[in-house]
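J.: Sequence:
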Amino acid sequence: MSDEQRDTGTGWPEPTGPNRPSGPAGEPDPRPDAPDPDEISPLVVPEEPRVGGVEDDAHATVDLAEAAVAPPEPEPEPTPAGAGGRGAWGGRVSSAGVMIAVLLALLGFTLVVQLKTTSTDPTLAATRQEDLVRIFSDLDSREKRLQQDIEALEESQRQLRSGEQGRQAALEEARRRADQLGILAGTLPARGPGLSVRFVPGGKPIAAERILDAVQELRGAGAEAMQISGVGGSPVRIIASTYFLDGQNGSLVVDGRSLSGPYTITVIGDPTTMSTALKIPGGVAATVAGDGGNVIVEEREVAEVSALHGPMKLEHARPVS
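In the UniProt record's numbering, the protein residues as written are 1 to 321.
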């Protein structure tokens, strides 16, 4: 081994052929038949020109060793799309976003369907503005009346649930209910604001169906008590079971009693609402006028319904306990 090889640490040169030693550089060949290294003539290797001398060869050898030992730098791993980073699509949409999008789509679809299916009532479209105002006033009056009933019932419920006043409130509520049922059943007289509706026949007598239509219109407008009277006869109380028939010579039969015209219905209720119901286009007043007759409606501050109806005897109906 030359001094240069010992200084640079390159070891033995790698000869070719059968005389190549198998041991590491600087150590004798362990084979028993290996020739003595001193007897082997060294191979002459042409030296390459060096600029820096021995120190440059040493640095080059160390750099090569470091390059062989240093591990390669790991390549950066791609960030998974679902771990808070952006994936191939620039970030996935969350489930809440998808749900909001679906709800907005359903809302838009519902609005479109509602707009397409909404149509105008042809009857109301052909009605005059004055008639629409009357109808609206009638509906508003009904709403107010129902709201008052609701408030009264709620007040009664609060009183019944109270402690010491419960029994007295229950008795008062029972009396009030009995009075209401007596008025509706026709067993008690009634007094209050209302109307006087007079039916005057024209070329032909007033038919029973016209009187029935008037009674139904008044009930729908909130009538609470009614009676009908004619010429030369006592009035008849009108209740839920009252019937009307055409009699002889243009007379009217009410619950078996014969009345002759003109006829007058006395009714207790809201005068404005009931008057509007009778005068609505196509209603009772217009129908009677088409037959040649006339309907005269007068408001009364105090209308009296004094005719009474006998109590009905129930044969089959029983209260449910």
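Don't read these hints as lab results, they were simulated from the structure.
Accuracy of the hints is not assured; some may be wrong.
[Unchecked claim] As a list, the in silico SDA-like pairs of lysine to any residue whose alpha-carbon atoms are at most 20 Å apart: (1) K279 x L188; (2) K204 x I296; (3) K313 x L184; (4) K279 x V215; (5) K204 x K144; (6) K144 x L132; (7) K279 x R134; (8) K279 x L184; (9) K279 x I135; (10) K279 x A174; (11) K313 x V215; (12) K279 x P262; (13) K279 x S251; (14) K204 x S251; (15) K279 x G290.
Every value quoted in this text rests on a predicted model; they were computed, and no experiment measured them.
J.: Failing hints, ascending?
T.: Per hint list: 1, 5, 8, 10, 11 and 13 violated.
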